[in-house]
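Heads up: the protein sequence lines correspond to chains H and G, in order.
Going by the numbering used here, the residue at position 107 of the first sequence is 109; the numbering climbs one at a time, nothing skipped.
Going by the numbering used here, the residue at position 67 of the second sequence is 69; the numbering climbs one at a time, nothing skipped.
Note that these hints are calculated values from the structure, not bench results.
For every residue, glycine included, the Cβ atom is placed at its ideal position computed from N, Cα and C.
Among these hints, one or two may not hold up.
Unchecked claim - Below, computed lysine-lysine pairings styled on BS3-like, alpha-carbon distance capped at 27 Å:
| # | chain 1 | residue 1 | chain 2 | residue 2 |
| --- | --- | --- | --- | --- |
| 1 | H | Lys-311 | H | Lys-321 |
| 2 | G | Lys-166 | G | Lys-96 |
| 3 | G | Lys-96 | H | Lys-502 |
| 4 | G | Lys-32 | H | Lys-502 |
| 5 | G | Lys-166 | G | Lys-130 |
| 6 | G | Lys-166 | G | Lys-176 |
| 7 | G | Lys-32 | G | Lys-115 |
| 8 | G | Lys-176 | H | Lys-311 |
| 9 | H | Lys-230 | H | Lys-62 |
| 10 | G | Lys-176 | G | Lys-32 |
| 11 | H | Lys-311 | H | Lys-62 |
| 12 | G | Lys-130 | H | Lys-311 |
| 13 | H | Lys-452 | H | Lys-321 |
| 14 | G | Lys-32 | H | Lys-521 |
| 15 | H | Lys-502 | H | Lys-473 |
| 16 | G | Lys-176 | G | Lys-130 |
| 17 | H | Lys-311 | G | Lys-115 |
| 18 | H | Lys-452 | G | Lys-115 |
| 19 | G | Lys-115 | G | Lys-96 |
| 20 | G | Lys-166 | G | Lys-32 |
| 21 | H | Lys-311 | H | Lys-238 |
As the list claims (entries may be wrong) - One side of the interface only, derived from the structure: several residues of chain G facing chain H at Cβ under 10 Å:
| # | residue |
| --- | --- |
| 22 | His-103 |
| 23 | Phe-112 |
| 24 | Val-117 |
| 25 | Ser-147 |
| 26 | Gly-149 |
| 27 | Ser-167 |
Stated by the list, open to error - Stretches of chain H that chain G covers, calculated by requiring three or more beta carbons in the stretch to come under 8 Å of a beta carbon on chain G:
| # | stretch |
| --- | --- |
| 28 | 430 to 439 |
| 29 | 486 to 495 |
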Amino acid sequence: MAESESSLVAAAEPSLKSLRQWQRLSPIALLYFTVNLFRVIFGNVAYLAPTIILLYQGMKNQPLLSLAILLGIALVLLTGALLSYYMYKFRVIGDTVEIRSGVIKKKQLNLPFSRIQNVRLLQPLYYRLTNHVCLQLDTAGSNQQEAKLVALQQHLAQQLQQEIHALHQTTNAAEVTEDNAEANTPVKADEQLLNQRSIGDLVIHGISNNRVWLMLGLAAPFLNLITKVVTDQLEKLGLDLMQWFDPEQQSWLWIGMAALALTLMVMFLLTLISIGASVLSYYGFTLVRSGERYIRRCGLLTRHEVSMKLARLQWVALKQDWLDRLLGRCNVRFEQINAPMNSMQPGAEQGKIMVPSVQQQEAFQLLADAQPGQQLTTTPFQHVNWRFLARQLLLLWLPIAIASQWLLRPDHPELATLGLLPLAWLAAMVLLRWRRWGYAMDQEFIYIRKGLIGIDYYSAPVFKVQQVKLKQNWLLRRAGLCHIQLVFASGALDVPFIPKQHGQLMLNYCLHQAQSSGKSWM
Amino acid sequence: MDTSTFSNLSIDETRLPDIEQLDWQPLSPKYMLINLRINLIGTLLLTAIWAALLFQPFWTISPHLEPLILWIGTGLTLLGLLFSVHGRCADPCKAYALREHDVSFQSGLFFRKSVTQPILRIQHIELKRGPIERRIGLATLQVFSAGGVMHTFEIPGLPLSTAKSLRQFILQHKDTRNHG
């Protein structure tokens, strides 16, 4: 194996040598920077929305001026992209990647291969023609350590990736060599297929993980405008929508039916969009295991490949919301180090691997492969104390109930009575939330269960804990309870309202495991 | 409630090192004093600002705004005072503890919180000293783990020599060195 590695590295030498000098990226990166800037700006449209609405009126009054301003903004953006491009230089020298970047705040990053946790190749659509990729290097620890080589020739990028992996392999002889010949082939010889998603699964994922609702909420301020445009268009087609809903001309039954039909149609459209997005980002999803590494490949336009060393896995989460529950599916998430803000990648935010909408059986299989010793399915869960319920009801439910009844009862008694319905629903949700909260621990793992209608499960090996916290206020102290928090590299897991001696014991045990196991968390 | 879930742990539970029996060390008394002073001076400054705004001779404030500034200002001052008093009472609760393999810090008057950081999991360590801390010879020890910035472990108000020896202890620790 050692021989094949050295020959691999040797083969990579000649062309990688060309990266030893400080150099700019290929000009195609300009596109990337521009797209990125636009994405940063329009990705934050949610925050900008109120401003835009405020400005909208002004823009209508002063079309020329606003056009000039918009052009000005576009110009600034383009200049920004150009400057970013010119300031960005990199080289690969020895076993270190060095990047100089930054327009106003200059940065120099020195990244030794040994510190790199994860290498990802990303190919946006506009890189396909010139065969470039964006190479993303993830590291542990602080945010500043994340590096991107924005535009590299694909073969160079693959060689670099190989070299980085090879270095890790020489330090860890047990690992199997990996063949990175072609990112697009579904499964290679030494890879074991763990899971793949069919179009049908992705359609289900689109339905159950509908994020379009959020967009609809954002569009609410413009609803008036949209309605006007739509009705105008329909009128041109000879359809008078207003007439349908006019109680003078139509019966109430008809109006009800029309409203229902319209709602259904809108929902149908939204679901279609969501399905489209799901297929777009997860098309051809495969999760394979290559030695001690998980590799996920998917994407219709931009094909993403994410690989994760199993040793780096912090916890596995099985996540299910109410629609998932209805459809009998759940999302399996393999979470590793919380690498700070990467570009929004479907299913791979922050280097995590998500397997969309799998059936329960598949979920447990995946879990068993990733964490052989866990007993999530057989472990009995303990409930958190009923005082959890008391807090939620006292601090959330009661104020809402009193306020709504007090405001509505005198003037609209029937509305107040009707309001009891959502109140009852809310109380039921609180009750459900309490029933769902559960925790369990065995020699190796801590398990947490939570959720409302759907259920989320977390399974984390306790020796990987980074830090532990115990919290108590005087009410909890009197009741002999506490909250605990276990911090992992992938985030924090909380267990509230548990008996003090349980909490203490769990923390003592986790600390002991972390300190005495001698195993690395990554 | 029973502890049946834990019965299959391999180690005798009662013999695990217990986070309840830590040997808590107080912070420097200077820290409490300076904290109180900073809080009070801050409150005073805040009060001075709104009072100056109200009583300056340069321009007149509309009669609608005047009571508003007065009320909001008084409210802010009161909040500042309350904050100072709370700080005065809460600061003595802050303490740190060192064991062979971890550091702990506890804080909070009403909501008591204790954080324990295994030394093995420490990524890097920083001594932070602001201008005021430098003048009175104090330092803040910051410890970073892979848990992320949100969970940075911090001990404020340490005498510089203590902070330095703590840092030395952690850096020299075999766990840190093996971790590489």
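Structure-based check of each hint:
| no. | hint | result |
| --- | --- | --- |
| 1 | H:Lys-311 x H:Lys-321 | holds, 22 Å |
| 2 | G:Lys-166 x G:Lys-96 | holds, 19 Å |
| 3 | G:Lys-96 x H:Lys-502 | holds, 21 Å |
| 4 | G:Lys-32 x H:Lys-502 | violated, 34 Å |
| 5 | G:Lys-166 x G:Lys-130 | holds, 11 Å |
| 6 | G:Lys-166 x G:Lys-176 | holds, 17 Å |
| 7 | G:Lys-32 x G:Lys-115 | holds, 22 Å |
| 8 | G:Lys-176 x H:Lys-311 | holds, 26 Å |
| 9 | H:Lys-230 x H:Lys-62 | holds, 16 Å |
| 10 | G:Lys-176 x G:Lys-32 | violated, 33 Å |
| 11 | H:Lys-311 x H:Lys-62 | violated, 55 Å |
| 12 | G:Lys-130 x H:Lys-311 | violated, 35 Å |
| 13 | H:Lys-452 x H:Lys-321 | holds, 10 Å |
| 14 | G:Lys-32 x H:Lys-521 | violated, 41 Å |
| 15 | H:Lys-502 x H:Lys-473 | holds, 10 Å |
| 16 | G:Lys-176 x G:Lys-130 | holds, 24 Å |
| 17 | H:Lys-311 x G:Lys-115 | violated, 34 Å |
| 18 | H:Lys-452 x G:Lys-115 | holds, 23 Å |
| 19 | G:Lys-115 x G:Lys-96 | holds, 10 Å |
| 20 | G:Lys-166 x G:Lys-32 | holds, 17 Å |
| 21 | H:Lys-311 x H:Lys-238 | violated, 59 Å |
| 22 | His-103 | holds, 4 Å |
| 23 | Phe-112 | holds, 5 Å |
| 24 | Val-117 | holds, 5 Å |
| 25 | Ser-147 | holds, 4 Å |
| 26 | Gly-149 | holds, 4 Å |
| 27 | Ser-167 | violated, 21 Å |
| 28 | 430 to 439 | violated (count 0) |
| 29 | 486 to 495 | holds (count 5) |
Violation of the numbered hints given earlier is confined to hints 4, 10, 11, 12, 14, 17, 21, 27, 28; the remaining hints are satisfied by the structure.
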